[in-house]
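Participant: Below, each chain spelled out in residue letters.
2 protein chains.
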Amino acid sequence: MNIENYVSDVCKHAQKASRILANQRPDDKNKTLRAMADLILAEHETIKVENIKDLDAGKKKGLSKAMLDRLELTDTRIQSMATGLREVADLIDPVGEILDKKNRPSGIEITKIRVPIGVIGIIYESRPNVTADAAGLCLKSGNAVILRGGSEAFHSNLIISNILRAALKKTGLPEDSVQFIETTNRKAVDHLLHAEEYIDVIIPRGGKGLIKKVATESRIPVIKHYDGICHTYIAKGADLDKAIAIAFNAKVQRPGVCNAMENLLIDKEIAEKILPPLFLKLRKAGVEIRGCEEILKIDPSAIQATEEDWRTEYLDLILSVKIVGNLEEAIDFINEYSSHHSDAIVTEDHYEGAHFLQSIDSATVYVNASTRFTDGGEFGMGAEMGISTDKLHARGPVGLVELTSYKYMVRGNGTVRK
Amino acid sequence: MNIENYVSDVCKHAQKASRILANQRPDDKNKTLRAMADLILAEHETIKVENIKDLDAGKKKGLSKAMLDRLELTDTRIQSMATGLREVADLIDPVGEILDKKNRPSGIEITKIRVPIGVIGIIYESRPNVTADAAGLCLKSGNAVILRGGSEAFHSNLIISNILRAALKKTGLPEDSVQFIETTNRKAVDHLLHAEEYIDVIIPRGGKGLIKKVATESRIPVIKHYDGICHTYIAKGADLDKAIAIAFNAKVQRPGVCNAMENLLIDKEIAEKILPPLFLKLRKAGVEIRGCEEILKIDPSAIQATEEDWRTEYLDLILSVKIVGNLEEAIDFINEYSSHHSDAIVTEDHYEGAHFLQSIDSATVYVNASTRFTDGGEFGMGAEMGISTDKLHARGPVGLVELTSYKYMVRGNGTVRK
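Going down the list, the sequences are from chains A and B.
Using the working numbering, the letters of the first sequence correspond one by one to residues 4 to 421.
Using the working numbering, the letters of the second sequence correspond one by one to residues 4 to 421.
Read the hints as simulated data drawn from the structure, not as lab findings.
Keep in mind that the hints are not guaranteed to be accurate.
The list treats identical chains as interchangeable, and a pair is accepted whether it falls inside one copy or across any two copies.
[As the list claims (entries may be wrong)] Straight-line C-alpha distance at most 20 Å; calculated SDA-like pairs for lysine to any residue:
id: 1; residue 1: Lys-190; residue 2: Thr-219
id: 2; residue 1: Lys-239; residue 2: Asn-416
id: 3; residue 1: Lys-19; residue 2: Phe-336
id: 4; residue 1: Lys-104; residue 2: Val-404
id: 5; residue 1: Lys-115; residue 2: Ala-25
id: 6; residue 1: Lys-216; residue 2: His-197
id: 7; residue 1: Lys-104; residue 2: Ala-357
id: 8; residue 1: Lys-287; residue 2: Pro-258
Just need the whole structure built from these sequences, with the hints factored in.
Facilitator: This is the structure in structure tokens:
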């Protein structure tokens, strides 16, 4: 197989499908999404057979237990792919929404209308459920999708995408609305990243290495999610009980996710009061505390934090804690060390809260709430493709609306420019 | 001078300024914009002295008359830079607009709010007025700007940016809100395009070569405007008088701009009726007609159009004309050959119009109006930075709103995730 020609064909088919998809009624897309869910359940034994091929190969290759766990498609996980597709079917269709309408003195009427982006390329790693989740969101938002999964999940991804295509065929939508790159050759990724004529946006999902590679090499616009180095700042004006609850929740409730807190800042005026009960509670939950020098003076059992610690997304029960002199120092620190994902202040002081919300340059900024709320579901957007740490096009949770563009429809009556 | 360090310093200063700028009140930004206008008028003799240096160097270098004309800053042009800045001051400030607000069952209140993008890099060619125009739009939208102008306009750009900085200083805003790259060394551009840590978006303004280079090499998201290969399709259901008026206006009213028509499609059913009066009128205005073979059968004096013609933005009194069999053929042709800028249909048939608006994948699609209306001013957006042919973030005219991003401000009361 000539990889370049193969990828180019896939791209052309995707563009063609995208033009048909852009004009589908919500009901027709939803019918397909439900047919996809039905077929996934009906074929769950076939999916498991293919999944076992990947698991066996993974074991032979010596993949870690965590990797193998991510790879495995249990009955529950297959069920939840189907449920996910049905939930996407129930969401409001963003396409066709009128964003603005005006009549101009020249005589033209301008309607700004939401349209699909076109063709979305998704490059992802191990979890095979992404195949169904991402395809569902793309279909609902009227976009054709090209899926490039990790080689370790090749058989699982392939069978899932074939099932999705069968559902498209059955319900009369273009099969090429969902295409999976049927080769593990790495050159395929390079060709995708240079297919700017056909692919409108690339969304990488996976580890930082993958995202960095895609962001560096892509000629196509990328919507990406780097780390979640999230901060909580317990300010001078904080209510201590709320501060402890929020900091504890942000670190401990689910430490392995991007909106969990990694760095905690505490105002020097309240440090001595809040540290003992807070650290006690955190340590009881198994949190290792790394602190700045000021922290170590108050709590000598903390480990000294290095410059590296402030810049690390541990995704684990490790917390770096720093004492800061005032609000401005906290803001400067967060704007420097945050990955611009989610950062919070705890304070009862209205000015402190408002100034923090204004000054922190992150996708989501909080007053008196846990950073754990940054999530499409919690934000009422339904399913999401991830959390964007970019500032252009999509910032924060990427749901259906963020997978759309717009166009201007202009109506005249023989109207010409003077 | 070490170019890399120099560019890196400029970038750091810009990011610092952008954080201060993001929190300025509309009145303070407007006061600065008006001070910029005043100072440009007060210093107009100094501007002309510096401009003459560029003109003299340009003449020695053998620049074309058209290039030298674009370079020249006459009294009228200096006046219009000042007027432009005052007009931007009068526009509505987009920053701080509440885009969405909701209370969630969890107890959090989410406000989606419009914020500046941050740091904008503008890479542009000859016209020195871009320095003031672009800086004005960036300042109003709360963004710091790094300007990199063409070497032939170096002295003109430098004096204008120094005047703008003097106005910033005078009114108490950070001078580094506007920075001009004070070297003509081409390596500076490469460093800018890789400064993804500091610059949030790059906007190239100039010829296709420049834009291609920037789009290919930039690691930073780019908002760009490729060609304007705009189409008009005179459909079966067209009113002939309207069709002639619209096609004539789209081609002749100002042929050198991006929203002028380059390709005209005519439905075969009405071709014999409309061609003679239309071609007569176009030729009287000096338009050279290049046609497909079907056209040549009706009008043997037309020149045969090549594949190249359909893909060329002439920006001149040259028009490529093709007969198509039906609406679908027209749509397919336009989606293939259009630069996705502006395309129009002329028809009285409601279905034809609606289907065309739906199916054409361009930033602006027209029914019964001239493509010449694609323009920030005509769209009621005030001044514009250009017309985006991208689909992500900004599509069509790029005005103040398109120079912004958003963030989510979330308020709780000790709220944690369950």
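Participant: Hint by hint, note whether the structure agrees.
Facilitator: Do the hints match the structure? See the list:
no.	hint	verdict
1	Lys-190 x Thr-219	both (15 Å within a copy, 19 Å between copies)
2	Lys-239 x Asn-416	between (63 Å within a copy, 16 Å between copies)
3	Lys-19 x Phe-336	between (48 Å within a copy, 13 Å between copies)
4	Lys-104 x Val-404	both (19 Å within a copy, 16 Å between copies)
5	Lys-115 x Ala-25	within (16 Å within a copy, 27 Å between copies)
6	Lys-216 x His-197	both (13 Å within a copy, 14 Å between copies)
7	Lys-104 x Ala-357	between (33 Å within a copy, 16 Å between copies)
8	Lys-287 x Pro-258	within (15 Å within a copy, 74 Å between copies)
In summary, this structure violates none of the numbered hints.
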